[in-house]
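Visitor: These are the residues of each chain, in order.
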Amino acid sequence: MALKIVKGSIDRMFDKNLQDLVRGIRNHKEDEAKYISTCIDEIKQELKQDNIAVKANAVCKLTYLQMLGYDVSWAAFNIVEVMSSSKFTYKRIGYLAASQCFHEGTDVIMLTTNQIRKDLSSPNQYDTGVALTGLSCFVTPDLARDLANDIMTLMSHTKPYIRKKAVLIMYKVFLKYPESLRPAFPRLKEKLEDPDPGVQSAAVNVICELARRNPKNYLSLAPLFFKLMTSSTNNWVLIKIIKLFGALTPLEPRLGKKLIEPLTNLIHSTSAMSLLYECVNTVIAVLISLSSGMPNHSASIQLCVQKLRILIEDSDQNLKYLGLLAMSKILKTHPKSVQSHKDLILQCLDDKDESIRLRALDLLYGMVSKKNLMEIVKKLMLHVDKAEGTTYRDELLTKIIDICSQSNYQYITNFEWYISILVELTRLEGTRHGHLIASQMLDVAIRVKAIRAFAVAQMATLLDNAHLLTGNTQRNGICEVLYAAAWICGEFAEHLEDPMLTLEAMLRPKVATLPGHIQAVYVQNAAKLFATVLQKHEGETDSQAAQETSQLLIDRLPLFVQSANLEVQERASCILQLVKYIQKLQQKNVEVAEEVTALFAGELNPVAPKAQKKVPIPEGLDLDAWINEPPSESESEDEKPKAVFAKEEPKHSRSRHTEVDEKELARRREARKQEQANNPFYIKASPSSQKVYDAPGVEHIPVVQIDLSVPLKVPGMPMSDQYVKLEEERRQKEKADKKKKEKKKKREKRGKGRKGDSGPESEEDITPAHHVDIVTEEMPENALPSDDDDKDPNDPHKALDIDLDKPLADSEKLPVRTHRPEVLKSPAEDRDDNTIPQETKKKSSKDKKEKKKDKEKDRKRSKEDKKKKKKHKDVEEELPESLPEEVVQSEETKEASDLDFWLSSAPVPPVAQVVTVSSSAAAATVDSSSAAAAESEPEELKDTEPDDTKSSKHKKKKQKKEKEEKEKKKKKRHHHHHHHHSDAGAEDSVQNGTVEDEEPLPPMSNYSLLAENSYIKMMKEDADQVCDIQGNHQDESKVVVSVIFENKSDSFLKSMEFNVLDSLNSKLQRPDGAGPHDGLTVPFQLPPGVSNEARFVFSVQSIVMPQKLKGTLTFIVKTDESSTHEKLDFKLHFTCTSYLITTPCYSDAYAKLLESGDLKGSSLRLEGVNMPFHHLLARICFHHHFSVVERIDSCASMYSRSIQGHHVCLLVKSSDQTVSIDAKCDEPSLLGNVLDEIKQTFSKC
Amino acid sequence: MIKAILIFNNHGKPRLSKFYEHYTEDTEQQIIRETFHLVSKRDENVCNFLEGGLLIGGSDNKLIYRHYATLYFVFCVDSSESELGILDLIQVFVETLDKCFENVCELDLIFHMDKVHNILAEMVMGGMVLETNMSEIITQAEAQSKMEKSEAGIAGAPARAVSAVKNMNLPEMPKNINIGDISIKVPNLPSFK
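For the protein sequence lines, the chains are A and B, in the order given.
By the working numbering, the letter at position 672 of the first sequence is numbered 672, and the numbering carries on one by one without gaps.
By the working numbering, the letter at position 54 of the second sequence is numbered 54, and the numbering carries on one by one without gaps.
If we strip away everything but chain B, and leave its shape as in the complex, we get:
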């Protein structure tokens, strides 16, 4: 079982948090902080597994993470999951995001948290892996956004226009924040087919 999926940046700001067990908001924040603390102090060339997260679960649990440019993707899993399998799953997740957002970067995740959640929901459900096939995930995610667009229809048009106007300011944004391209290719790990 996957206990939690966390995405945060190099400064520990959460970009997505998905807990498959209930915690209070405070505990969740504490877990994110603690996890960030554990993960961030590790060097680049060490292994991607971590034990000893005190807050989530007991000794059975492991943190499995990957670091892409400015973002950490952390999965907290128990012993029923294969470590390398989860690493591959993170890879699939990131690649899927990359396809859905067209060259994903931290900003996409910041502004479209809901969309990330929706993509994740096609991969992991209730803490169990639902789908590992990337094209299947993308098909389902796209079918749903299509449905969303058709529902918005005419009524959605003005809102879209406004949002387009608002987004015209966007190019200024990157100045404030530290975005890097997410490097996607990772050696050594053949992903699932």
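The shape of chain A in the complex, shown without the other chains:
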């Protein structure tokens, strides 16, 4: 063995190692490729050997070659072999190679799962570390799924070295396997407070990355991060946290307020530039988020701008760059504070550093005003000329256009100048932004009507000199401009001085070398020009000119007819035929101009981008509805296409369909017409689109009034500079004019200057040369503002938009390989770790909620009158879908309230454990609608453990009841305060099951007042069977009675004992050893004003009859001076309904049940029931524990089951206040009693 090793290493002496390879490559500079290919052959040989050392050496060399650009994926399997070596040295080589060249498409990657798992649990921390590092580079969704649990375990490793790596890699796991985020998040959160700074930093890193993409889910962590920010000294961590806050503040402005102070402190105190810079950045973000609400942060803005100025003035180019970068963020919300540093920014435009110039360009955007726009653009044009490098020049070009066109050309005073700038820009060589210039030309020409004549003249010149633009094929981008030029000349041909000349220019043979879409525009617009020429020559006696034009077209168009581009060809041949026909008419001396012009009559309005998308769907139009009957299923696949061509539509079905909806269709048609009338974009059948203006919806479109003060005729290609001079002269003149009436103007100016948001100079005195109304773009009416247009559906981070505050569901588990002994911690334990805190959380959330409720109550006390209404609103608003979700909601409320609490600067409200009943009339909100609760009960019974069900349900019911109770109190106006000792005042065993009925699903409760005296009040709810489905078979006769005890006195109540006189049929279940007449001790004491709930179990033998049980509650009233013994009598009423359990039933099972014939029927008729049918159902469901099997219009079948397994079926029909209930049950007396109770319920309404 040893011999073999030595032999292996001797062999290795003669193999090339990495150093030899590098050296060899360097010595073969001439024939490097050849040398490397021989090396690769050698490597292939080496990989075939058994010796792992040789293999590792080969793989190491491959890693180097990979860096040089050689594909080494063919060695993937050998890499896996080296990875699985037991020696760290080789393992590391293997993992390095894998991390460099493995990716999701590498198929051998699936072989690595077990090896990686083994390495992750290796006792050697470096094995684990190397595996984690490697995995972070090539993790795939499969690996992430399989290893998520192992990595999560490592997050709690004893060694910080492993912990930090495990924490960090979780981000990659989340990205590939988003399901793991929620299970892993609690532990990740824990790591934020890890004792090791490295682990902490890693956790901050991961959460920051996550939060950057979906900040709203991490808002609840803000307090924790805030704590870290104020305590941490690690700059790296601080920077990350501060960056994170920058992302969070836009979502929660209150957070920003809280941050301002510590951040300003940091700005003042820190010496690290990086930290200072990030602080400034976040303060800016905060200020932006506050800018709407809080104007008084000028001090902070000043501080930021001042610090940034220091950065910009710094000799370090990096700081200068970053200063400008941050400045541009301030610019968006506080342009004024930036504008005061204009000098500095203009200076930066001349910087030798391109990055800095680009940043300064960004800032220029906010620097321009009407006054300096021309000047600044002139400067930029100079830069354009000087700039080498197309990137920078293109950037300049877009910036010039951006600056000029910003906020609807706000700063342009002279559009002629702008057009000439655009024309000058077309002379740029090799720009990619031809289309940008083109779209600007089109935009300006269309929207600024006053400029059209000038624009057309310029465009005509451009077209004439098209060879300058197209001469070089390299300058493809710029020829887009011709597209705009041709269109403008054609569309606004009436402004052309010599349309014939332009027409000629457009039909030059050279045009055929242009891209197809431009040629198409040429051809189409040539036809427009043709129409113009015809019209021009119409009146003349000599038709020579017009005929010549026709001839020109007939001569030139065939060139386009031969075009390979379909569009060009089609248009050209159409127009050619048209012209030929016109020529014929011309030869007969027929006047054609008018007809030809009519072809192009009308004007196009600018339409906003996305306007089409935002046209609202007309009411009554269902885009998903079938227009025709859907093809029947039986139709075979290959028949369908045939039908399309043969038009064998099943006519009968179609007509039937229309018949059915005749009315509806008519209505829709009417609505559509209405819609169309209001929709300017709807192209009507009328030939002239001019008519559009008649529509009422477009009256608001301003028609431009032209008032030209500058002569339009500029011969030849204009230089924009001329305009600068002209402009100056004009301003001079205006100034002179103004001086005359200065007094008057001054006042005006001041008024305006305040409004204007553009710069310190009172630039309002510069009146624009053209009085141009800019036609605004049109949007459809009722257009919906939507921001969802720009989201990338493929963003991997979208999958990570997961709500982390919800408690974990059972189904959300990381896949675990339980049989592996290597798993350090058993998965069950893991689960426990996670669930236990949540359990407690739930509880505390309850408290919180109640606390909240308290507050609310206080608020409402003053509004006694409106209360009732409000209450019901509340109930409606808070209608949860089902109970389990309710829990979730409360969880969320808890988180939210935590955050709210943290963010609010208000003093801590005293923590009240339970609702106080200090005011009898206080209203409280109900957390769950009873109806919804009733509906969800069955699911709950099924889904959750019985114990959970009990507790959660009861808690909820309790709150519900409390509300109920207060209502009642309010109603009856019980005066029960400060009474002393009037015993046995509980003559009333009130059984007023429901309280009141109001329209939209009134709250319902099964709690009813049991007994009450001046000390205590008991509410019972016996309806609540907790026999779950399994329990039924063994112990089918248990009823649980929940009683709420509420202390209404000022004294302390204790030693409560609950006792019931058993009947033959029903017995209170007492603990073992207790006598049959002993009472049950209530397991709590009641301080003043507190209520609590206890449950008592009764065993029942026969359930077919309702029964009443007498009982007594004894207790001790303890005041400061004395204590007295008191008692309260009550009667428990066990209705038959109480023995029913809401059980879901499927309609097929239901039908079978009815068919079986075992059930005996009975029926009931209720008159004068005045409530919506669904309320009726909800009532039956809730009070009588039924579930709806099926509902059709005002007819429903319902089902319930007794605790002893009797089936009860109801068929409820409602018509005109009459409700008839047909019922069937296998136990007639039970049924009779249930029906009686139902009747009772509704008679109370």
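Be careful, since some hints might not be right.
Unchecked claim - One side of the interface only, derived from the structure: several residues of chain A facing chain B at Cβ under 8 Å:
| # | residue |
| --- | --- |
| 1 | I52 |
| 2 | K87 |
| 3 | F88 |
| 4 | R92 |
| 5 | I93 |
| 6 | T158 |
| 7 | I162 |
| 8 | K172 |
| 9 | K176 |
| 10 | W236 |
| 11 | K243 |
| 12 | L349 |
| 13 | K352 |
| 14 | Y1150 |
| 15 | F1173 |
| 16 | H1174 |
Source of the hints: derived by calculation from the structure; they are not laboratory data.
The beta-carbon is built from N, C-alpha and C at its ideal position, and this holds for glycine as well.
Chain A is already provided as a structure; the job is to place chain B on it using the hints.
Guide: Same frame as chain A, but now just chain B:
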């Protein structure tokens, strides 16, 4: 996130490339070439940030680089990273290399690419910064090389001897190549503690 870390010399020869997103080998080479092209034409006294790398990522990405003697260290990062922080990180990286190689020069990087990778792995993992504390990085890196040496043991001895013999030719090498000392100290930037 750090998208890629590249080290190349004044002639654009790659000395280390680490991509944290997958690209084909050809694309990688193209990215290196493009980055070199962008970086190399910049003067010494301009800022260390660059936008407009077309190949890696979109507009969100920046190139942050430092130039030491014959080598460019380029980090391509997105907006979640602090620019100055990354500059400091490059500094930490270079200083760590300097400590581990004892006066690092381009030759060290050329012949020990794997070792550079291993040191880098202690600093940046999967595109996220793992550790910024230099002494911690060095401790871990050295512990691992120690382990490597102990594993080599007797079996590694002959190979070491051979490699020593081969390296005797090394002094001739510098003639062919242009090595300069890497100046390490950079003013103005306090590094993380």
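Visitor: Indicate, hint by hint, whether the structure satisfies it.
Guide: Evaluation of the provided hints:
The restraint placing I52(A) at the interface with chain B is violated, with a minimum CB-CB distance near 11 Å, outside the 8 Å limit. Contact between K87(A) and chain B, as hinted, is supported at the beta carbon level, the nearest pair being about 5 Å apart and thus within 8 Å. At about 5 Å, the closest approach between the beta carbon of F88(A) and any beta carbon in chain B falls short of 8 Å, and the interface hint on this residue holds. Hint status for R92(A) relative to chain B: holds, with the closest Cβ pair at about 7 Å, below 8 Å.
Hint on I93(A) holds. Least Cβ distance to chain B is approximately 7 Å, under the 8 Å limit. Interface hint at T158(A): violated, since its Cβ lies 16 Å from the closest Cβ of chain B, which is beyond the 8 Å cut-off. Among the interface hints, the one on I162(A) is violated; its C-beta lies about 11 Å from the nearest C-beta in chain B, farther than the 8 Å criterion. A least Cβ separation of about 5 Å between K172(A) and chain B falls short of the 8 Å threshold, and the interface hint therefore holds.
Of the supplied interface hints, the one on K176(A) is violated, with its beta-carbon coming no nearer than about 11 Å to a beta-carbon of chain B, more than 8 Å. For W236(A), the shortest C-beta to C-beta distance to chain B is roughly 5 Å, which falls under 8 Å, so the interface hint holds. Interface restraint check for K243(A): the shortest CB-CB distance to chain B comes to about 7 Å, inside 8 Å, so the restraint holds. Taken as an interface hint, L349(A) does not check out: its beta carbon lies about 15 Å from the nearest beta carbon of chain B, beyond 8 Å.
For K352(A), the shortest C-beta to C-beta distance to chain B is roughly 7 Å, which falls under 8 Å, so the interface hint holds. Contact between Y1150(A) and chain B, as hinted, is not supported at the beta carbon level, the nearest pair being about 57 Å apart and thus beyond 8 Å. Hint on F1173(A) is violated. Least Cβ distance to chain B is approximately 56 Å, over the 8 Å limit. Here the hint on H1174(A) is broken, as its CB sits about 51 Å from the closest CB of chain B, past 8 Å.
Hint violations for this structure: numbers 1, 6, 7, 9, 12, 14, 15 and 16, all remaining hints satisfied.
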